[in-house]
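Each chain is listed here by its residues.
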Amino acid sequence: MGKLETVDLTKRQKKARRLRSIAIGLALVALVIIFYVATLAKFGPAVLNRPM
Amino acid sequence: MALIDDRCIDEAPLRMSEATPGDYIALLKPRVMSLVVFTAVVGLVAAPGTMNPLLATIAILAIAIGAGASGALNMWYDADIDKVMSRTVNRPVPAGRVTAGEALGFGLVLSVLSVMTLGVLVNWLSASLLAFTIFFYAVVYTMWLKRWTPQNIVIGGAAGSFPPMIGWAAATGNISLESVILFLIIFLWTPPHFWALALFKSGDYERAGVPMMPNVAGPASTRRQIFAYALLLAPVGVAPWLLGYTTLFYGVVSLVLGAGFVWYSWKVLGMSDDDKAMVPAKKLFGFSLVYLFVIFAAYMGDRLVAHLAGTGA
Numbered sequence: 001m002g003k004l005e006t007v008d009l010t011k012r013q014k015k016a017r018r019l020r021s022i023a024i025g026l027a028l029v030a031l032v033i034i035f036y037v038a039t040l041a042k043f044g045p046a047v048l049n050r051p052m
Numbered sequence: 001m002a003l004i005d006d007r008c009i010d011e012a013p014l015r016m017s018e019a020t021p022g023d024y025i026a027l028l029k030p031r032v033m034s035l036v037v038f039t040a041v042v043g044l045v046a047a048p049g050t051m052n053p054l055l056a057t058i059a060i061l062a063i064a065i066g067a068g069a070s071g072a073l074n075m076w077y078d079a080d081i082d083k084v085m086s087r088t089v090n091r092p093v094p095a096g097r098v099t100a101g102e103a104l105g106f107g108l109v110l111s112v113l114s115v116m117t118l119g120v121l122v123n124w125l126s127a128s129l130l131a132f133t134i135f136f137y138a139v140v141y142t143m144w145l146k147r148w149t150p151q152n153i154v155i156g157g158a159a160g161s162f163p164p165m166i167g168w169a170a171a172t173g174n175i176s177l178e179s180v181i182l183f184l185i186i187f188l189w190t191p192p193h194f195w196a197l198a199l200f201k202s203g204d205y206e207r208a209g210v211p212m213m214p215n216v217a218g219p220a221s222t223r224r225q226i227f228a229y230a231l232l233l234a235p236v237g238v239a240p241w242l243l244g245y246t247t248l249f250y251g252v253v254s255l256v257l258g259a260g261f262v263w264y265s266w267k268v269l270g271m272s273d274d275d276k277a278m279v280p281a282k283k284l285f286g287f288s289l290v291y292l293f294v295i296f297a298a299y300m301g302d303r304l305v306a307h308l309a310g311t312g313a
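Residue numbers (our numbering), protein chains in the order written: chain E, 1 to 52; chain Z, 1 to 313.
Everything labelled a hint here was simulated from the structure, so no lab data went into it. Among the hints, a few may not be true.
With a straight-line cut-off of 30 Å between C-alpha atoms, the simulated DSS-like cross-links for lysine-lysine are [what the hints assert, rightly or not]:
| id | chain 1 | residue 1 | chain 2 | residue 2 |
| --- | --- | --- | --- | --- |
| 1 | E | K15 | Z | K83 |
| 2 | E | K14 | Z | K29 |
| 3 | E | K14 | Z | K83 |
Not close to chain E: a few residues of chain Z, all C-beta gaps over 12 Å, as computed [to be verified]:
| id | residue |
| --- | --- |
| 4 | I58 |
| 5 | A62 |
| 6 | D80 |
| 7 | Q151 |
| 8 | V294 |
Quick reminder that beta carbons are idealized off the backbone N, C-alpha and C, glycines included.
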């Protein structure tokens, strides 16, 4: 088994990837909050009113 | 197997991206987006009735993202043109920081996300209008009209005119004559605004092969058409007051602004073909930005006061 060939990122590419990852993470958190808040705003307390 | 592996590597060299989040934000055309957000807020606030402020905020956010998505699709398709114009050469795609495919994927994902969010959380009329706006800007304007006819920004301007109507539809679930007038104000404002810019940037457009009015019909014809649109825009700007939708405050503001627009356009009409500085065109371009901002701000202020006072129109 030879060593797997991998791509070595430059410092600049690593930094850009880290920033993109953070931005994607923040965007996902924002989406979760938006849909959580919007669900409460749209349905209000009725969101808990469901048959058991 | 080895042969297949070698071919894969030879034909598709790995490209590691150096794009930052800022490049993706630039794909959304933030300055255009700010105008879209502002006019959509005016439509939403001016509409009768009340709307949950959280849902209203989400509606504006979805409209903003939808506008941004159409910007990204525009940059995907127009990368070849952007490369030869001084104003656009540093955009992420022509500068090589983002590939055209990445811009296309980004635009498509955001288009679907914004339309679905607006539809599910607000209403499907506003979502349909947003979807139509994105389609109109990305396909009808960018892919079809822009490279084909000097009327490109006249018809394509409709895409930029929809946001107040979408805001209105988000708040009320319908389209009214009042929101159509807001649409018409931006629609009639767009040609003189862009033609004033095109007059003193005609070299850029000519190099890129974009048929703007000064390159195709000549500066004299463009100046006449700018003046004609100004004569149409001024009364339409006053129409909300004439039809009894607003108070005298808006009527006076829109009258003064309309007179100003006609005045600056008159100055452009009087420019000579030898005029290289084109100061009147630059002044009209600057004033047109003031015109749109102030007339919409006055409209929103007028309606907001009426809502708070509980007097309606």
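Closest CB of chain E to the CB of Z/V294 still more than 12 Å away: holds (32 Å)
Take the C-alpha atoms of E/K14 and Z/K29, compute the straight-line distance between them, and say whether it is at most 30 Å. Roughly 26 Å separates the two Cα atoms, so the pair holds.
Checking a non-interface call: every C-beta of chain E should be farther than 12 Å from the C-beta of Z/Q151. Is that right? holds (38 Å)
Z/I58 and chain E, when compared Cβ to Cβ, separated by more than 12 Å: Since the minimum Cβ distance to chain E is about 5 Å, Z/I58 lies within 12 Å and the statement is violated.
Just double-check Z/A62 for me: nearest Cβ-Cβ distance to chain E has to come out over 12 Å. violated (9 Å)
Given the proposed pairing of E/K14 with Z/K83, does the C-alpha separation stay at or below 30 Å? At roughly 27 Å apart (the allowed maximum being 30 Å), Z/K83 and E/K14 satisfy the hint.
E/K15 and Z/K83 were given as a pair; does the straight-line alpha-carbon distance stay at or below 30 Å? holds (26 Å)
Beyond 12 Å from each Cβ of chain E, as asserted for Z/D80: holds (25 Å)
Checked against the numbered hints listed earlier, the structure breaks hints 4 and 5; every other hint is satisfied.
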